[in-house]
Every structure is written in C-alpha cells, then in structure tokens.
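4 protein chains.
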Amino acid sequence: MSTWHEECGVIGLFAHESAAEMVCLGLHALQHRGQEGAGIVSFDGGRVSSHRGLGLVSDLFTPEVLGRFAGSVAVGHNRYSTTGSCRAENLQPLIAHWRRRKIALAHNGNLVNALELRREMEENGAIFQTGMDSEVIVHLLARSSGADLVERTRDALSQVSGAYSLVLSDGETLIGARDPRGFRPLCIGKLEATTVIASESCALDLVGAEYVREIAPGEMVVIDAGGLRSVPPADPVEPRHCIFEYVYFSRPDSIVFGHAVDQIRRCLGQLLAEEHPAEADIVISVPDSSNSAALGFSERSGIPFEIGLIRNHYVGRTFIQPTPRLRDLRVRIKYNPVRQVLEGKRVVVVDDSIVRGTTMRKLVKMLRRAGATEVHLRISSPPIQYPCYYGIDTPTRGELIASSHTVDEIRTYLRVDSVAYLSLENLIRSAPEGLGYCTACFHGDYPVPFETLPRKELLEEES
Amino acid sequence: MSTWHEECGVIGLFAHESAAEMVCLGLHALQHRGQEGAGIVSFDGGRVSSHRGLGLVSDLFTPEVLGRFAGSVAVGHNRYSTTGSCRAENLQPLIAHWRRRKIALAHNGNLVNALELRREMEENGAIFQTGMDSEVIVHLLARSSGADLVERTRDALSQVSGAYSLVLSDGETLIGARDPRGFRPLCIGKLEATTVIASESCALDLVGAEYVREIAPGEMVVIDAGGLRSVPPADPVEPRHCIFEYVYFSRPDSIVFGHAVDQIRRCLGQLLAEEHPAEADIVISVPDSSNSAALGFSERSGIPFEIGLIRNHYVGRTFIQPTPRLRDLRVRIKYNPVRQVLEGKRVVVVDDSIVRGTTMRKLVKMLRRAGATEVHLRISSPPIQYPCYYGIDTPTRGELIASSHTVDEIRTYLRVDSVAYLSLENLIRSAPEGLGYCTACFHGDYPVPFETLPRKELLEEES
Amino acid sequence: MSTWHEECGVIGLFAHESAAEMVCLGLHALQHRGQEGAGIVSFDGGRVSSHRGLGLVSDLFTPEVLGRFAGSVAVGHNRYSTTGSCRAENLQPLIAHWRRRKIALAHNGNLVNALELRREMEENGAIFQTGMDSEVIVHLLARSSGADLVERTRDALSQVSGAYSLVLSDGETLIGARDPRGFRPLCIGKLEATTVIASESCALDLVGAEYVREIAPGEMVVIDAGGLRSVPPADPVEPRHCIFEYVYFSRPDSIVFGHAVDQIRRCLGQLLAEEHPAEADIVISVPDSSNSAALGFSERSGIPFEIGLIRNHYVGRTFIQPTPRLRDLRVRIKYNPVRQVLEGKRVVVVDDSIVRGTTMRKLVKMLRRAGATEVHLRISSPPIQYPCYYGIDTPTRGELIASSHTVDEIRTYLRVDSVAYLSLENLIRSAPEGLGYCTACFHGDYPVPFETLPRKELLEEES
Amino acid sequence: MSTWHEECGVIGLFAHESAAEMVCLGLHALQHRGQEGAGIVSFDGGRVSSHRGLGLVSDLFTPEVLGRFAGSVAVGHNRYSTTGSCRAENLQPLIAHWRRRKIALAHNGNLVNALELRREMEENGAIFQTGMDSEVIVHLLARSSGADLVERTRDALSQVSGAYSLVLSDGETLIGARDPRGFRPLCIGKLEATTVIASESCALDLVGAEYVREIAPGEMVVIDAGGLRSVPPADPVEPRHCIFEYVYFSRPDSIVFGHAVDQIRRCLGQLLAEEHPAEADIVISVPDSSNSAALGFSERSGIPFEIGLIRNHYVGRTFIQPTPRLRDLRVRIKYNPVRQVLEGKRVVVVDDSIVRGTTMRKLVKMLRRAGATEVHLRISSPPIQYPCYYGIDTPTRGELIASSHTVDEIRTYLRVDSVAYLSLENLIRSAPEGLGYCTACFHGDYPVPFETLPRKELLEEES
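Protein chains in written order, with my numbering: chain L, -1 to 461; chain D, -1 to 461; chain C, -1 to 461; chain A, -1 to 461.
Please note that a few of the clues may not be correct.
[Said to hold, decoys possible] Just the calculated beta-carbon pair ranges, DEER-fashion:
hint : chain 1 : residue 1 : chain 2 : residue 2 : range
1    : L       : G53       : C       : G224      : 34 to 44 Å
2    : L       : E397      : C       : T394      : 39 to 49 Å
3    : D       : S143      : C       : A232      : 34 to 44 Å
4    : C       : P302      : A       : E149      : 31 to 41 Å
5    : A       : S143      : C       : R413      : 53 to 63 Å
6    : A       : G342      : C       : P234      : 42 to 52 Å
7    : L       : G53       : D       : E208      : 31 to 41 Å
8    : C       : N122      : D       : T404      : 25 to 35 Å
9    : C       : R354      : A       : P302      : 26 to 36 Å
10   : A       : E170      : L       : H403      : 43 to 53 Å
11   : A       : G44       : L       : R413      : 26 to 36 Å
[To be verified] Pairs of lysine-lysine, DSBU-like flavour, derived with a Cα cap of 35 Å:
hint : chain 1 : residue 1 : chain 2 : residue 2
12   : C       : K332      : A       : K360
13   : C       : K332      : C       : K343
14   : L       : K343      : D       : K100
15   : A       : K360      : A       : K343
16   : D       : K188      : L       : K360
17   : A       : K360      : C       : K360
18   : L       : K188      : D       : K100
19   : C       : K188      : C       : K100
20   : C       : K360      : C       : K332
21   : C       : K363      : D       : K100
22   : C       : K363      : A       : K360
23   : C       : K188      : A       : K363
24   : A       : K100      : L       : K100
25   : L       : K343      : L       : K363
26   : L       : K360      : L       : K343
27   : D       : K360      : D       : K343
28   : L       : K343      : D       : K343
29   : C       : K363      : A       : K343
30   : A       : K188      : C       : K188
31   : C       : K360      : A       : K100
32   : C       : K343      : C       : K360
33   : D       : K343      : L       : K188
34   : A       : K363      : A       : K343
35   : C       : K343      : C       : K363
36   : A       : K363      : C       : K363
37   : C       : K188      : A       : K100
38   : D       : K363      : D       : K343
39   : C       : K343      : A       : K343
40   : A       : K100      : C       : K343
Hints in this document: simulated from the structure, not taken from any laboratory.
For each residue, glycine too, the CB sits at the ideal point set by N, CA and C.
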C-alpha cells in the first residue's frame, strides 16, 4: 500500500519481427513501476516509429497504434512522474537526432550529478529539450570521442554518478547498462534468436522469454547482429542494491537481482511474526502488495489468514475527489472492508511500509467501523526516515511520518492498538546474502555522495 | 474466473444534494456487475441531467461530467452487453418523455415475454427506440390507466414476466421493485434523510449509507417526499433467488438476499474440501473471485493457502490481441504464475465455475510451465449445463463445456490431474436456508416458463 | 450577414451503392442550412447504420465513420438549433423502431400544432424520446390504420399543420413531402438509376445528379423498387413559399421553388438601387451572403463594386470570446476591412437583412476606422418585424430591431449616414410571379394560424 | 487558387497582460500562411507555457487551452508542412532549454546551408530534436560566444544563409529579424505599450495594433524593458523580396513590404487586361484569392465582373475523398458554379497562378458543364517554371506544368479556349518600385546560391 513510487520500468528488445508489440507486452508486465505515462520507440533500419503519452499502457497502445510500428529493435519505458510535473515533454524513451541516425534511451534511476554536468555542457553551447536528468547521458554520448556507440556510451556513463539501469539503442545495437552500485534491477532474457532486457523478469514471462541472468552492477551488455557481449565495469565498487525492490517495488512473481521476490517477502512476514508477535484472531493484508508478507506472518504466528479488505480493480487512475463533502473517497473506492470477516475480531494488518500514514489512517478507521475490535499493525520493513535520491519518487523528509514521530506517536496518529516495524537486521536477514544493499532510506547514510540536492525538480526549475 | 457475466447493476437515490455524485460512487462499487457501459440520470425538479456511454464508470464520469449534473434524485446503471450487440443505443437508464415529465428506468434482469408484449403494442402504434426488453415496461406504464406513477408501475409490472430488479423515477417519486420470484437482488439503505436502493450492499457502503433490508420478492418500495412505503406483492409465489449470486456474481463484501456473501463462499470451499479432498501441497485461488472459497478449502483440508497467481490490475478492458502470433495473451497479461510458489508442488486450484473451459485450460498450462507437478481443479458449484434466461449473459447450451462433456472428458480437455465439482446438495446447504433458489442452470428446470426463446438478441433482430 | 438561421437541410437518396457517402456530399452542400449538428441513417435491407452528432459535416463524417455505413438507401439532416437547447438528443434523422423495422425521418420546418397532438397521444400512452416537434409525425404514422408506409404517412401528415419539407424512409420506400403551403423548398434530382430528394439543388450538383423539379406544395413523392410516383395534395390551398429563401437562406447557386436564386438576388440589388439611390464612390457587400445583391446595386447605380471586407474562412464555429477585454472579436476575426479600398471613400454597404443590428453596428465601426468617410446602408429586404414560426430560428419580437425602432432610429443606432430598406412591393416584384409567398415576418399576417405560441421551446419545457 | 503554399506565419508580442491570447488572434489572421499546425509559447518570468499541435488555430486554441497560458511575452507560429512529413515533432515555435532559461523561436523561410551546419555541429556533439532547418539557428545561438541573447542571435544569423523572417524570445527580450535579402515579410506594430512583430499587417489589425513599419532586410529589431532598438545589417546587399507575396501569398487587406497588397493585385488585373484582352461576356474570379485581380481585369476591360463560382466555407481541411468512384470531389465540394450566371456566356476566368494545373482543369470542366460557351483563362503572373527554395512548399520542377509545357500545350491540357499569363515586365511594373524582388520561380536565376539541394526533406532523411 506504499505511496512510495518507483519512477520507471524499462525494456529493450533485439531481433523480433514484432518488436514494438513485444515491448508493449513487457510494459504491461512492468506497469506497476510507472503508471503516469509510457513510450515505445522502434527501429526499422533507418526508420524510427515512436509513440509516447500520458496514461496506462493499455490506453496508449491500442492495436491501431501498435499497427503503425515497424522494425525488429525496440525500446520501451513506463514512467512515474512526481506530482505536479507530470508533463508530456518529460516522457521517455528519449529520442535524439544525432549524425544521420536516431538514438532512443530509456532510463530507470536518478543521476546525482546531472545538474552540474548540464550546466557545464550548456556553457559550451548544448541545447536541452527536457527537464530530465537522463538527457545529460545523450549529450555526453554525442560529445564523446569514442569510435562507436558502445565506446561512447561507456565514456558517457563514466562521467555520471547516481542510479541508472538503462536501455539504449540506435537500431543496430541494443545496450543495457547498470550503474556501478547496481541500485535498480535489470535482467536479460532470451526467446529463440531474440534478446530482451527488462527491469524485472515478469516482463520476460509475458513475452515468453526465458530468464538468463541479471546484468551485473557496472556491467554493460551489448547486443547486435554479432550476438551478445559483456563489457565489465572498469573499477568495481561495492554494490548497493535497493532493498526496497524486495520489500515493495517489484512484482512478487519477478526474479530481481537474481532472486525470487515472493520468497523473500514471505520470509519478511515470518520474521516479522517472530520479532513482533500479536494476540489476535486473524491476519489480513492490504491487497495486493502485502499479500506475501501477510501469508508469512500467518504461517509463522499460526493466526489464520483472512481476506478482510476487497480491492476494487476498476478504479480509474484519473479519479478525482468529486466534492469536498465526500472525504476519503479514493481510499473508500479502492478498498472495502468485509464486515463478516472483521466483525468482533482482533485483527493483525500486515503492510510493507508507511510513508505519510494518511492512507493507513483511513484504512484503520474503515476496519474499526466494520467491527474490528483491535487493530495491530505490523510493517515488514523498518521506519522510512530519509528520502531516496536514487530513482524513487519520495516525499520530502518532513512528510515522512517516521522522520519526526516515534513509533508510539505513530500508533496514536493511526489509532491502532499496536504498531511494530521489522528491524533492519531482520530485513537484511530475509534478503539474499552477499548482494550488498542500499538501506539509506532507513538511516540516511547515502552510498553515493552529492553536493547539491539532486532532485529532478531542481533541474526543471533551473532549466 | 467465470466468464458468465451479470448483465447489470442498478442504483437509485432520493433526497441528497449531490445525488448524481452519490449514484456515481454506487456505480463504482457495482462495477463488477457490468463493465461495458454506464449511465446516470438526475432530476432537479423538472430539469433532467443525463450521461450514458460505453466504458468504465471512472472513465465516463469525470469530475467535469459530474459537475454538469444537478438535482437531488438520481438513477444509475452499469451494463454488461452481450458480445456483438454492445451498442450505445442500448444503454440505460432508459429515459422516456411522457406527459410533460420524464421517467428514468434502470433494470437488472431479463423479461421472458417482452417480445410478445412489444409486438402487441407496436400493432397499436407504439414506437420503440431501443432493442432492450426493458423498454416494454415504460410503454406499459404509459398506457396504464393508473392514477399515478405508483399505480401505473404496479399495473405495468403485473403484465411482464421474468426477472427484474428495477429502479424507476420521475424526479418526484423513486420506486424500487423486484419480480415475484426475486431472481436478482435489490436492497435498501439509509443515510440520514437520504434513501438508497441498490443491487448490492457494497454500493451502500461506498456512499456511506447503512444497510436496512432486502426488498422482498414481488415487493414494490415507493419513496417520495412523504417517506418510504411498501407495496406488497398481490399474489406471492415461491421465490427463486439466483444461487449464482452467492457463487460468483456478487462482491464478497456485499450482503445479498439478506446474507453476507463472503461467509457463504467460505462455506462452499469447506464443503468442497469435504466432498472432494485432494492430495496436494498447496491450495491456490484464481484471484480475486475464488479467494474466499480457496481459503475455505485450505481451512477444511489443512493444505496451506498460497498465492500462486498474480493478477495484473492494469489490464485495459479494451485490450485486443495484437497479432495472431501472440496467442493466449489476454490470459497471460491478466495472470502470471509465481514460479517460486508453484515449482515442484502438487497444486489444488479452487475456482467458482467453468463455462467454456478455454481460459482455465490456458491457466493450467501456465501453472504446469511454472513447475506445478500436479494440478487438481476443484469447482465450488455444480456443472453449468443450461443457459440462464433471467438476466445473465450466458453462451448457448452448445458452448457450455459441461452440457456436452462428462467430468472425465473435461479433465482430459483441461489437462488437469483431477477435477471435481461441488454437488447441488452441498451448494444448497451452504446457502441460507429458506430463501428458495433458482438452480436452473444446473438442471434446466426453469421456474418461469417461456414459449419462445426469450433472448435479447431476438428483440433486436426483429425490431 | 443575417443572423436569422435556417433550421435544417434535408436529403434522401434511393438506390445507390454508396448511399451514405452520397448523402454526406449532399449535406456538405447544404451545410449553410444548419451547422450545429448533422446525421445520416442508411438502410441495407433490415440493417440500419446511423451516426448523428454535434458539429460540422466534415468533422462528423470522416472517411472512417463513412466506412461503417452500408446500404443503398439513406437519409440525412443538417440541424441548426436554437441557442441553449443545442442538445444531442434533438438531432435528426429521427429513428423509430416500429414493427420489426426502423424508420428514419428528416424534417425541415416547424409544426404549429405539435404540442396539442403530442399531449393527446401521451394521454393515450405514447412515449416520446425527444423534444422535437418532428417526433409527432412518427407517432401519428405508427398509430395510423393505413395499410402501408405511404398511406400511413399521408394519414399522419393530414393531421399536422405548419411547415414541413421532409424525407422519410424505412429502407424499402423513400418518401419526400411538402406541406400544403410549401413554406420550405424540396426538390428532386436523378443520377442514372438513383433518385435524390434535397432541400436545394446545390446538393444535387455535388452528388452529380440532374435537377428534375421541385416537389409541389402538398405533394408527396414516393420512390421504391417500382420507380417514382406522385401523390397529389387532397385539398390544394394557396401556396406560401418563404420569400426569405430568396433573400438570404438558400445558396445563390441553387434552384429553389423552381427558380435560380442568384438572378433573383441580383434583381433585388437592382431595384434597391432604383428605390434608394445613394451618392457614393463604391459599393461593397458583406461577403459572401450579399455579394449578388451588391453586384446588382452596382450595376444599376453605376457605382463601382469593390471588395472592402475580407472574410476569414478559417474561423472555427466554436470560437468563444477569450476575455471580456477583447470585445467585438468574433466580428473582427470574421471580417477585416481593406483600408486601401475604403480610405477616403463614401461607401454603400449592401446587406440582405438586419435582425438585431449588433453585428452591423460593429462592422460599420470597422469601416469608419478603415477610413470610410460615409457609410450608406442598403438592405435588400423590408424591415423584419415579426418572428417566423415556420422553421426559422428567430429571436423574439422584442429583439428584432425593426419591431421597435423607426428607420431613423436604426440609422442612429448603427451610426450610418443613411439606411434604406427595399419595399415589400419591390421584393415581390423581384421574386418569380405566381408562386405565392409567405411574407409574415414583415407584417405579422401569418398564413397558418396557431392558438398557442408554437415554439419548439415550449415542447421542450413541457415534455 | 494556387496550390503553392506559404510555409509559415510568425508573430511575437512584448508586454501585454494577455500575451498568449493576443498572439492567438494574430495567428487567426495569419491562418492563410499555414494551416497544418500551430503553436504558441508564452513567458511569465521564468515560467514557460506552450501548446503546439496539428490543426487549425481555432481548433487548437480553445478558451480552455488559452486559459492555461500566463505571461506578458509570447511567440506564435502557423505551419504549412510538406505532404507526408506533417509530423508533430516538426511544429514550432521551437523551444530550447539553455542555461536555466528557455528560448522560443518561430521561423518563416528556408535556410539553404542548414544541412552543412548541422552536420558540422553534430560532429562536435550536438543533439538535434527535430528535422527542421530552423533548429540550427538555436544551436548556433547556444554555441556563440556572444555576451547576451542579442549578440548571440546576430552571431548565429551571420552563419546561416537563405530566407528567414523570425521571431525569437527568452521571455526578457523579443527579437525580430529578416535575412539580408528580405525574402519573407515581417512588420512591426504598436498597441499602447505593447509591441507586436508579425508576418503581415492583418495580424496587427486583429489585435488592434497600429502598423509602424516593415523590418528592413538584414535588420534585427530588439524589444525589451528598455524599449525598441534596431540593429542594422552589417553588410547590406541588394534585397530580393518575394514578389509572389504580392501575387498570391499575403492577404489582400495586408500591408506587406510596406505596401498595400490589394492595390497591387488590382493593378495586376488591369495590366493583364491590357496585355491579354479577351472577347467575352463576363469576368469571374476563383474566390477568394483572385478577387482583386479579377475586379481589376473587369475594370480595365469593361467586361462585367460576376460571381460565377460559389465557395463552400465549411469544407473541413481533413476532408478525404471517400471512395475512388467519386472523383474530383475536393474541388466540387469547395466550388460550385452558378449556372444562371454562366449559362450561354463567354467567360474570362482570372486566377493568380497555375502550379500543376490539375485543379484548374477540373474547374474548367465544371464551368463548361454549367453552360459556359467559352472559357478564357487569364493568369496574373508569369508561368512558374522553377521551385522555390526560400520558404515556399513547391512541387519538384517536373510537376510544374509550365516547366515542361508550352502555353499552347497548357491550353490544350486545361481545355480552355485561350490562356495567357501576365509578363514578368508587367508584374514588376505593378509592384512597388525600388524594392528589389526575387523572381527566381519564373526563370531559375536564384539570388542566394546553394551547393546541394537545400530541401527540408533532405534534412529529415539524413537525420
């Protein structure tokens, strides 16, 4: 139920006669990583087809629109924009005209030195078309003295710092690359002669491709007519995989960073039950994001799992509260409590995280009205106290309820009988060993430094 | 996962300053009863506002559209159309100009003598505007010699036979009525001075109204400035509540026919586990429709409940298979199996019904590919062998897999290790006692007779 | 430049493989008779295709929309709605379901006893779907005891009074009919085996059909597989052709009531020059409606014709004044004066009529600013003092400037140096002899009586 | 009636509280210079509002869209695209992010060395976003070492050659500039404290501004908070004003290159009558473009001017021939001959130019069918034999009928009784003396040389 939002899902595909359709399928599977807009660019020799727009993949890419695409190489992107700057010009894939060819770039992550690089290049006459940090990569690439797209890309990426999992193509070569820390996921799949690169393996499943492996932190993978080859990182550093991909962002049926998400989430629930048991009659989830953790909690605690909240699947994304008189509507339309399940019961609610706390507060109110006698909230991650600067759309520190409130104050605010968070130790215990994680949002110790506040909004304000 | 479709959800509301907005909320809650189109009509004294269209409630009723409505009485309708005749002119509520006023009618159900009545009235000069059976009610009402809307409605309804749960208003009076058998549900709610009539109680929850009671079979409820009064049936007959409302159509968080749906569905799963046990490692549902039954099965069998299929909530309703090469896409986009849950496991899949069997066959294939070693299908209702003529959009008899195949043949077709259906006895045992049910789809013994085949399509062809 | 608006253009076509496309072309040619909305209904045996909407023909009937039509018989309609009641439900052709077939009706004119007839039928149980007077014809037709569509139509038309030029079809027969007075035009054309019935001959030109003749007042023309036959009026009365069709409504390139419009308009200008000469340097028109009359004035007076106003053809119909600060914008966007033509000149402006006077006042101001030293306004018709109740959308009497102001007061209001109207005698002298005209708008002596005020708005209010 | 198309209209406005609305009005007036798309960019301090799209100004800039604009400085553009490359990405004003500010550029004309410049800059790492030649100006500007926008613009313009009349702003300064030859027009207007720069004076009229003067060839005009100042050309060369602006492109009510268009066009008709008299009964124009010339011809020849063709103002721009069976439709829908005017007459048709001849051929056929006994075509300019490379969308040389056919062959092809063109001498005699004209389209002697063929399409192909 987190209101943290992943900023993007990316996919690239090489050598398939229906490249754009396949990429569209992948974007369907990655829709949870970004729902504000989407785009596809396909290459048919020198001819480029593209469509980008605000809205869901299924609304944007009708059969009619897909029918206009041609070519065997394609790149796609799902975007989550920060509220207020949801603008058409900021959609990806970015397309750049460059030396008689075009380049398409889809980027998941956030560069922390984009503003500095941009200012420098602007001093030298560069023209930018968008407010996105990703655009500096295209410019660095164009200015590189590298002999070909691969060398230029390596050169460009050596100058940026921060988080990037990106897919890039000029129609002849498809490149997939992750930053040296490996904040965001990116994996490789194969379907006969076709290669697919995607944020999560669930996109491979939908196009019918087989999961091959995760691209390594700092690695660049190059696919062209000659096959696939790997360009390893020049100076390997300790990886910092975003642990929140396991807690919330990725789909449970995905393999992310080389490991199955569902199993990890189940384990989070189990350890949560051990660490913070509750006296209760039933365990419920906030469907669908905390289903796995809630099942884990139920399993370990022995308290039966029940479906206490029904989620309405037909809520339009564009729903706007019609009148001030009708409050809390978005939550009420999205979730309805099942009175017969809840009435007279002591309820454990398992959720993945609390950001601002406002939605959870409304849900608790609904549960009580439906007859729950006690509500015990169990969160399968530690309190979020710091914003993420590596690609997640987070509120400012001040808006994060845990940065300014004690657990007890949060309990009072949410009007629950008890609230407890999984410890960082148990979170790390649940995740695969030896990967190396970024857990900065829990303690503020950021693995990649930045001088100025590297938020996208700054880029936009100044540009 | 049933591909049987409820044909409509209806709602009426009396005395609320934001009548149309409230009705819109109710239609959100009733979206599962009809997703092809929706409509709202509101009355502000003599002035009528209306909007009807094809699509989801959230797409049709934007704040801008809602802002154009005025008045304190409103009627709403969600429609499921039969494939191929999804036409804008067949949307409801029906609006009729009649004697210096307008009447709006929303109807859930199907009249079995509509064609005969229509032909007769056309002989006498009546003009019809649509192909809907519901239109005959408006004409009967206009031709009645009754003194007021109530008498005329009673007169009109005395002439039609079949299934109807309807809401009707001329802006001064709001009428709710159910046919003598009570096939379809219709209940009453109160929110301060406001009265709401809706197909299911989940619509009351969303508008914040309290559930009062079900309208009785054959009863007509009249709400006007003087309050609410009941017109009891002239000749009570034995009721025939549609038992499939409990199996599949209604939302689990609703009270339908006076009883909580979730509890009944849970019980279906429990009895199914008793009647048809399976040797297996896990129980999974086809989310979200069979969740309750699967939990019941797990509970009674002791086999752990797992989430083995992830449902993609972003699938657009307008999704059309892009190319013939990419088969089974709709199912694959909608559901993705969780390999980590399924791999190496003997799986019990609990579902509510099998209509044609085509979707289930694809799901089973997906489960096996994800590593399930055995698939045991358990259905929480008996085999559907006969079409419904009382308001459900069913395929012809020939298309119902159970009408022409034995259970063993079905097992072979679906490629499952075992398949078993709940018996009619256990289905009835699970449902509340003493209500009286229509179970014609299981045995073909139709409670309300019809001479000619009463399908909507006939009306359209001939008109 | 008149702001009187014709309410409709109608067209029907029998026996052409692309019936809907041909009708669409005809509606293009008749666009000047109604620009608020349009509709086409085509018949392909029992199958009916239709599209009706608000907007211009070229916007509504895209190749894609036209591609959905099938059949060899079609009926079309252009509508001008009165301001404020421009509602989608009032679009034509009307479609009625009636005894296993459908009927499409397109009506130009206004019935003066529609309200009485409607009330009577509603007493007997009739249901109306729109606020249009035309709908009573369909009901009368359905209630008739006539043996076939032709007899029923004759029967129905014998009961209505007022103005109607209508086209009607059930797919097998196409009927064209004019009221006994013949207020509105309706003519017949032939293109090989195809028969076309249209408001004006310019529609025949566009579909490539040859003009045959005007349908006579009171005549009904029936086209079916057996050919074309005429049903003459039962009781011929003295005709009352709307003389304003010659002054303003019809296109100058049309033959209307059997005579060429351009020649008559030219003659109006000539007699105007004789009756009200002016001392001036140039004669200009208000393009394009008064071009013919201005040329006639120039010819007879010897004062050279000049183009002093340029009309902007790209003004969208939906243009709305953006801010109150920018006044008179619609006029200024539509017309721009040519300073080089006007500067230092005494200018005769010839226009066809003055309704409210507001637009002319703005134009005069523009002419003076562009350097005209004197402005002499010459109107090619008498002062309009009474509303039309036979199918023209006129303001109320109070809004007609000539009903409450003397010619001298009008001169002062418009700020012109002189203003003069053609006399009724000269108007009638210009028009073809022996036809019989309605000139009620000039003197208020209405040829068809009505008890209550027969305005469309009344129907809508009461229904 | 020419099918040569002006490629653009531009407008800029400084210091008006409703800058975008005013620019929108100006674009309405300039709609004839480009009808494929339009755009407006406004500046409110650092905040930029913009909207660009395909379609007419009135369709794109609804009150709702205009309401979103803020700021007191704005730039607008109407675009005519070459067929086939009518793409959204090629719309103007161009917007470039550059050093914490944005720049908007609107360009009318065509640069002949854009491709060379672009290739050079791409070698140095520049990224282009569009296929438009205008984009090189923005890049040159960004790369300039000039101290401010004015110096940078001067620097950039010193490097390009070809035709440009452009308007440029960064929100603080508004710049208007014309190339040294002055191919395309650009004039200055004042409305109180507001300065307007526009392609033609008709745009000034509509916003209520007074015409001040034409910007001189090679001049750059700079408007900022300090007022207006002029930057004269460094090295003045002999001007080459496009003489076709007088023949066809500009609106007759405009002042262009400092002179009134209508008077010049009238003179063209007069000299045409002297040079190529005809024995005929009437003179007609092809409305509205040749009205002035036809009046001049009538005046000098003494043959009466008549309106023989009616133009349908409602033809949608998106009209597409519905079926191959219905040929010549676009012409037939756009123009209808007036039989009463034409029948039995010897007709002089005055038109401004013949490009391919196909449309004229259809018109002649229509005139003959309407009864014209003789058709004498008189063209108010010499034969067009060479394409324009300075901003007009012309067909290739091979498609220009006059480049490969003698006048006599053209007569035969068009099926006219005689055809005659105005001589180049008389064309120049009609135009204001001492301006200096480009007449390359008549003889192929291009005033600004180019090595490679400088067509926009090349840029697009290669980029």
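*Quick one: which hint numbers does this structure break? Sort them smallest to largest.*
1, 2, 4, 6, 8, 11, 14, 17, 18, 21, 22, 29, 30, 31, 36, 37 and 40
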